[in-house]
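Start from the sequences and build out the full structure, keeping to the hints where you can.
Position one of the sequence shown corresponds to residue 1 (this note's numbering), numbered consecutively onward.
Derived from the structure by calculation, the hints contain no laboratory data. From a predicted model like this one, the values you see are computed outputs, not experimental measurements.
Cross-link-like lysine-lysine pairs, in silico, PhoX-like; alpha carbons within 20 Å at most:
{"no.": "1", "residue 1": "43", "residue 2": "74"}
{"no.": "2", "residue 1": "74", "residue 2": "131"}
{"no.": "3", "residue 1": "131", "residue 2": "43"}
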Amino acid sequence: MKKWLSAFTISASLLLGGCSFFEDANNTLTYVNEATDYVNEAKTFANDVPSLAEQAVTDSQAATELETRLEEMKADIEAFNKLEAPEVAADLHGQMVEQNNRALEGINLYLDHIEGGKLDPGVVENTELFKSIQEITSITEQIKQLGS
Numbered sequence: 001m002k003k004w005l006s007a008f009t010i011s012a013s014l015l016l017g018g019c020s021f022f023e024d025a026n027n028t029l030t031y032v033n034e035a036t037d038y039v040n041e042a043k044t045f046a047n048d049v050p051s052l053a054e055q056a057v058t059d060s061q062a063a064t065e066l067e068t069r070l071e072e073m074k075a076d077i078e079a080f081n082k083l084e085a086p087e088v089a090a091d092l093h094g095q096m097v098e099q100n101n102r103a104l105e106g107i108n109l110y111l112d113h114i115e116g117g118k119l120d121p122g123v124v125e126n127t128e129l130f131k132s133i134q135e136i137t138s139i140t141e142q143i144k145q146l147g148s
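Following this line, the structure appears as structure tokens:
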């Protein structure tokens, strides 16, 4: 009876340990997919918004569209920052959060100027926002490697 109970306990432990392995793999894959989606959104933002920001200096409709895009990106950044990264991705996630926080500063600067009704060319030339977004997108390959 003791042998049977020991065998059952060991089997159950191995099975539960295997479940944990699959759960970790699933969490990593889910994170990789979410991070890849986020990075793709950031790339699109970084490609589209600079020209829109230049137009916004003289065009109120473009300024309204810019404000909308900035608010959307801000929400995406904040949502991504709240993600719980699996242990294997913790360092990469930390790097992305750091870049995201820099991007948020740039977004807030733009929003402050738009709401103040004075988006001047000097603000548009502030490319720190776009450098941060490009840093985020450069992490894409490292994230994709986690999914492999």
